[in-house]
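**Student:** Here the protein sequences come in this chain order: S and D.
Quick note, the first sequence lines up with residues 1 to 145 if you use this note's numbering.
Quick note, the second sequence lines up with residues 1001 to 1149 if you use this note's numbering.
Keep in mind the hints are simulated off the structure, nothing from the lab.
From the three backbone atoms N, C-alpha and C, an ideal C-beta is built for every residue, glycine too.
Careful, some of the hints might be misleading.
Not everything, but these chain S residues come out facing chain D in the computed CB check (under 10 Å) [unchecked claim]:
1. Met30
2. Gly33
3. Ala34
4. Asp46
5. Ala50
6. Pro54
7. Gly55
8. His59
9. Ala61
10. Phe66
11. Lys83
12. Gln87
Within a straight-line C-alpha distance of at most 16 Å, the following computed EDC-like cross-link-like pairs (lysine to aspartate or glutamate) qualify [as the list claims (entries may be wrong)]:
13. Lys82/S / Asp1078/D
14. Lys1108/D / Glu1095/D
15. Lys1012/D / Glu1092/D
16. Lys3/S / Asp117/S
17. Lys103/S / Asp117/S
18. Lys83/S / Glu1095/D
19. Lys1076/D / Asp1101/D
20. Lys107/S / Glu8/S
21. Lys83/S / Glu1092/D
22. Lys107/S / Glu119/S
23. Lys83/S / Asp1090/D
24. Lys83/S / Glu1128/D
25. Lys1108/D / Glu1019/D
26. Lys103/S / Asp9/S
27. Lys107/S / Asp44/S
28. Lys82/S / Glu1114/D
29. Lys82/S / Glu1009/D
30. Lys97/S / Glu123/S
31. Lys103/S / Glu15/S
32. Lys1012/D / Glu1114/D
33. Lys1004/D / Asp1090/D
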Amino acid sequence: MSKQIYFEDVEPGFELAPVEKLPTTQQLVMYAGASGDYYQIHYDKDFALANNLPGVILHGAIKNGFLGQLMTDFAGTEGWLKKLSVQYRGMDQPGSKVVARGKVVRKYVAGEEHLVDCEIWLENAEGKVTTPGTATVRLPARAPH
Amino acid sequence: MANKYVTEEVRKQIGVRSEPVTWEVERGAIIRFARAIGDPNPLFNDEPRARATRFGGLIAPPTFCRSLTPNIPIIKLDMPSFRVVDGGSDWEYFEPIRVGDRITVVSKLTDIREAAGRLGMMVIMSFEFTYTNQFGQVCVIQRSNLIRY
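Please work from the sequences and hints to get the whole structure.
**Tutor:** Quick look at the structure:
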């Protein structure tokens, strides 16, 4: 477990530690089995090609999972991911790197909670964003506000 | 212009709910899900270390509910194509999901509308999935758009 981040440690513009992935077709099969999403476009190349796709493509939901990992890494064991929102705008294929990134856009106190809003996204090897999103986490605070 | 597919009759289905499904959350299912994502977080993989945290044991990663497949209400929609694409999800998290929990999933159609997009004429169906534990606590709500085109 990495070191816990506190509310006082971040300001708008703070960049989250990126999560880099190199998905393989094997990983997509593992994800199909673990999630129960057996749509063939994610592991059957002939099926994917017959459906006008360039080949098998990543499940949108596995990309959602990568962005979830980005946020639970950031929240640490003392924080809590409250909201996570992702939109699938572009396809990604196995064999090519994707990176989940994020930055803090706002920090505020609501009731008893110390909250941080983040802009998050998944980008492909060319740096193009295929999956933008937003997230809100509660962080522990060193001092009451 | 009048809608081609999403008629007033079709929109009357907004609010329709699925039959609930209850899943028991197995330890192995949480670990396999985390491994499939490639997420090494001890909270999702390492029981002794997870036990030493404030959670007191393994919890499910944020998108684990994707594996708790709901019944989908049958939506009557007279459209020639059956291609469906996942548009994305909005998640809200209220309580952790733990090993041994019995999670009941209910889905509800919250909107259905037509739009012209890069895929041509599309019908966007918005669903809300509610995941409730055996104590009646809502753990997670997922709002998801499915696009028919």
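**Student:** Report holds or violated for the interface hint on Met30/S, using the least CB-CB distance to chain D and a cut-off of 10 Å.
**Tutor:** 4 Å, holds
**Student:** Checking one constraint from the list: CA of Lys82/S to CA of Glu1114/D, max 16 Å. Satisfied?
**Tutor:** Outside the cut-off at roughly 31 Å; violated.
**Student:** Holds or violated: Lys107/S and Glu119/S, Cα atoms, limit 16 Å.
**Tutor:** 12 Å, holds
**Student:** Decide if the proposed pair is consistent with the structure: Lys83/S and Asp1090/D, CA atoms, cutoff 16 Å inclusive.
**Tutor:** With a Cα-Cα distance of about 7 Å, the restraint between Lys83/S and Asp1090/D holds, given a limit of 16 Å.
**Student:** Taking only the CA atoms, is the gap from Lys3/S to Asp117/S under or equal to 16 Å?
**Tutor:** Distance ~20 Å between Lys3/S and Asp117/S Cα, so the pair is violated.
**Student:** Given the hint that Lys1004/D pairs with Asp1090/D, test it: the Cα-Cα distance must not exceed 16 Å.
**Tutor:** 28 Å, violated
**Student:** Does the alpha-carbon distance linking Lys107/S and Asp44/S stay inside the 16 Å limit?
**Tutor:** Violated, at roughly 44 Å.
**Student:** Taking the least C-beta to C-beta distance, is Asp46/S closer than 10 Å to chain D?
**Tutor:** Hint on Asp46/S: violated, closest Cβ of chain D at ~17 Å, above 10 Å.
**Student:** Against chain D, with CB atoms and a cut of 10 Å, does the hint on Pro54/S hold up?
**Tutor:** Hint on Pro54/S: violated, closest Cβ of chain D at ~15 Å, above 10 Å.
**Student:** So, as I understand it, the hint says Phe66/S touches chain D; can you test that by seeing if any CB pair is closer than 10 Å?
**Tutor:** Holds, because the Cβ-Cβ distance from Phe66/S to chain D comes to roughly 7 Å (cut-off 10 Å).
**Student:** Hint check: Lys103/S vs Asp9/S, CA-CA at most 16 Å. Holds or violated?
**Tutor:** 13 Å, holds
**Student:** Does Glu1095/D lie within 16 Å of Lys1108/D when you go C-alpha to C-alpha?
**Tutor:** 21 Å, violated
The structure shown violates the earlier hints numbered 4, 5, 6, 7, 13, 14, 15, 16, 19, 27, 28, 29 and 33.
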